[in-house]
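Engineer: These protein sequence lines are chains A and B, in that order.
In this text, residue positions in the first sequence follow the working numbering: the first is 1, and each later residue adds one.
In this text, residue positions in the second sequence follow the working numbering: the first is 1001, and each later residue adds one.
Bear in mind the hints are in silico, worked out from the structure with no lab data behind them.
Ideal Cβ placement from N, Cα and C applies to all residues, glycine included.
Hints may contain errors.
[Unchecked claim] Which chain B residues face chain A? A few, computed with CB under 10 Å, are given here:
(1) Met1096
(2) Pro1113
(3) Ala1181
[Unchecked claim] No more than 27 Å apart at the CA atoms, straight line, and that leaves these computed lysine-lysine pairs for BS3-like:
(4) A/Lys126 / B/Lys1032
(5) A/Lys196 / A/Lys353
(6) A/Lys210 / A/Lys126
(7) A/Lys210 / B/Lys1032
(8) A/Lys353 / A/Lys338
(9) A/Lys196 / A/Lys126
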Amino acid sequence: MFYRQSGIYHTRYEATRRLWPIPFERWQVGVILLLVLAAPFYLSALYLQSYLLPWLIWSAATLSLTLLMGVAGQLHFGYAAVMAIGAYSAIHLVRFGLPFEFAFLGAGLIAALIGCLFGAAALRVKGLYLVMATLAMQYLVDWLIINVPAISGGAHATLQAPSARILFFSLENDLVRYYFALAWAVLLTVFLLNVKRTSFGRALVAIRDKDYAASVIGVNPFRYKLLAFFTSSFLGGMSGAVLAFCFYRAVTPEQFSFNVSTQLVAMVLVGGLGSVIGAFLGAGFVLLAPMILTNIVAMLSDFGWLNVSVNLLSHLPLMIYGALILGFLLAEPLGLAKIYDNIRNYFLVWPFKHSRR
Amino acid sequence: MDFLFLLELFINGLNTGLMYSLVALGITMIYKASGVPNLAQGAMVMIAGYLLWATIALLGLPLWIAIPFVVVLMFLFGLAIERWLLRRMVGQPVLMIVMLTLGLEILLRGVGPGVFDAAPKRLDLGLGLAPLVVADVFINRAYLIGAISAGILILLAAAFFRTRLGTKLRAVSDDHVASWAVGISVERAIGISWGIAGVAAVGAGTLWGSVQGVDWTLSALLFPAIAVVILGGIDSLLGVFVGGIIVGVLGSVIPGYLDPIVGGGTRDVVTSVLIVLTILLRPYGIFGREDIERV
Chain A
1 MFYRQSGIYH TRYEATRRLW PIPFERWQVG VILLLVLAAP FYLSALYLQS
51 YLLPWLIWSA ATLSLTLLMG VAGQLHFGYA AVMAIGAYSA IHLVRFGLPF
101 EFAFLGAGLI AALIGCLFGA AALRVKGLYL VMATLAMQYL VDWLIINVPA
151 ISGGAHATLQ APSARILFFS LENDLVRYYF ALAWAVLLTV FLLNVKRTSF
201 GRALVAIRDK DYAASVIGVN PFRYKLLAFF TSSFLGGMSG AVLAFCFYRA
251 VTPEQFSFNV STQLVAMVLV GGLGSVIGAF LGAGFVLLAP MILTNIVAML
301 SDFGWLNVSV NLLSHLPLMI YGALILGFLL AEPLGLAKIY DNIRNYFLVW
351 PFKHSRR
Chain B
1001 MDFLFLLELF INGLNTGLMY SLVALGITMI YKASGVPNLA QGAMVMIAGY
1051 LLWATIALLG LPLWIAIPFV VVLMFLFGLA IERWLLRRMV GQPVLMIVML
1101 TLGLEILLRG VGPGVFDAAP KRLDLGLGLA PLVVADVFIN RAYLIGAISA
1151 GILILLAAAF FRTRLGTKLR AVSDDHVASW AVGISVERAI GISWGIAGVA
1201 AVGAGTLWGS VQGVDWTLSA LLFPAIAVVI LGGIDSLLGV FVGGIIVGVL
1251 GSVIPGYLDP IVGGGTRDVV TSVLIVLTIL LRPYGIFGRE DIERV
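Only chain A is shown next, with the shape it has when bound in the complex (with noise of 0.2 Å):
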């Protein structure tokens, strides 16, 4: 229905290679790319600042994570150290007077060079084992930011972010901040949708596959598995930034902890492994479900329908959030992707099911 395929006739190879070959879906994407810049002027200031901000960011995290484990097939659990660095590289960064710019760039390097250590461990071993040492790593890091001052400014102390400006503009106004999350998670995808197009990603999916039989065929895995990583923490270490300086505003070395690398990978996984609009719909549901089910649940003890004690409602997002990762994995292993696709494939063709087959 919607994603009519008849009268697409594709007379070059340009037109088949196209990112979106069915008009339908440029003019899907043009539809949301123009509700979420225009959502500053019909979404009230909590709506953009509590729920579609850090959707925006998260979704710019796991994007770069999804490049990793998706694309390159690397497990990472240690990927919120990974923006711990590139979030406090670029605070100090700023603080020692640099222009935001140069900053952000900044963070991005030296996430991505410390990062590369994680990657030494890919070079070694394999699956379970890689993520045993990433976790390891992770401890590390966390240990290395809360015990020295200089970097988190003393034990249990907030990290406040400088006043910066981006282009002219000050990132202490809401919009601002707002617009470049956006610009941020813009760039991401367009790299994402790209990046499997290029002989890079190719060699990545090569790698991912079996790294043995890529390096029969003359990709050499020790180059494309620090290279992945190397680009995934790059990113990942940005998006840290862009964290720290448009929502956090101050950052605290919990905010980056064990659980947040869990969450991240949770939300590549409910997403669908390596899919950018899997990404998107990923970061949301983990980050939004488990608030809107326990507001819900909140709701209706408010109304005396249900008898909940304040305890259990405050431990009730951590069970949805893990219900809700062993519900994707029992039921939809491929996440939500998946199911977009599906249904997608349904009206692909609708109302003509039986020529699918």
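Since the structure of chain A is already known, use the hints to place chain B on it.
Structural biologist: Just chain B now, with coordinates in the frame of chain A:
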């Protein structure tokens, strides 16, 4: 004096390490049988602790009835997890299985404190708090008894592998298809290994709950337990024993000297460094079996 201090750290580390081994025992049991890394073992320890507290405090049963009761409950709990969660994941990539157990860990970490209230619970085994003093060395009595019980339980687990059922489990851990061919029910063997992991969680939950109280922090025992299995070799019982002792001793001696200098929290660092170094130098641990990969 200095030597005494070292000895004290060493002995208390030894005791702690053996209690870590008890948590790690569950992970090894499951990995041996089914190749599943159970990252929910820490949460299972926590749930066992909560259940034991609930049977004693809420149902009013004495300790010696409560423990067997919780053992039965946790055995069934382990069986249920295997039957309804892990069996449906057979053949999925390791990432999915790791994430499933992590999801279970998060769920249990919400359910335990959510149902039983988040405040730490006291689990009194009647051991007393006064430290044991042997030749001027202070030994924490609870940890000592915990270590002895842990040692006994690990030896029992080793002995269990000599029985008829244990032999079946060893066959299953060697080769699923070959065990099937000679008439061993692989599903049942894996289920039983989960049940036994649940029982091991009761041991760990009782001992750790008595020394640090029952609350969600019990699930954080997962991290040292991971270090134990990585260091000792994830599919080796002897590795659990030796790995536990090394992790415990190093995690006690090094912080004992370093903590005053750098300001605390070095135990987690020692644990992390042990994991990273083991994986970089000898990924399969001290006693683990190396997998050979074919293209």
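Engineer: Now tell me, hint by hint, if it's right for this structure.
Structural biologist: So, going through the hints one by one against the coordinates:
The beta carbon of methionine 1096 of chain B is positioned within 10 Å of a beta carbon in chain A (closest approach about 6 Å), and the interface hint is therefore held. At a threshold of 10 Å, the smallest CB-CB gap from proline 1113 of chain B to chain A is about 6 Å, leaving the interface hint in force. For alanine 1181 of chain B, the suggested interface contact is broken, since its CB lies about 27 Å from the closest CB of chain A, more than 10 Å. Proposed proximity of lysine 126 of chain A and lysine 1032 of chain B is supported: the alpha carbons are some 19 Å apart, at most 27 Å.
Between the alpha carbons of lysine 196 of chain A and lysine 353 of chain A the distance comes to roughly 30 Å, so the proposed pair goes past 27 Å and is violated. Note on lysine 210 of chain A and lysine 126 of chain A: the hinted pairing holds, with a Cα-Cα distance of about 11 Å set against a maximum of 27 Å. Taken as a hint, the lysine 210 of chain A and lysine 1032 of chain B pair is honoured in the structure, with Cα atoms around 25 Å apart against an allowance of 27 Å. For the suggested pair lysine 353 of chain A and lysine 338 of chain A, the alpha carbons sit about 18 Å apart, so the restraint of at most 27 Å is met.
Of the supplied pair hints, the one linking lysine 196 of chain A and lysine 126 of chain A holds, its CA atoms being roughly 22 Å apart against a limit of 27 Å.
In this structure, the earlier hints numbered 3, 5 are contradicted, and the remaining ones agree with it.
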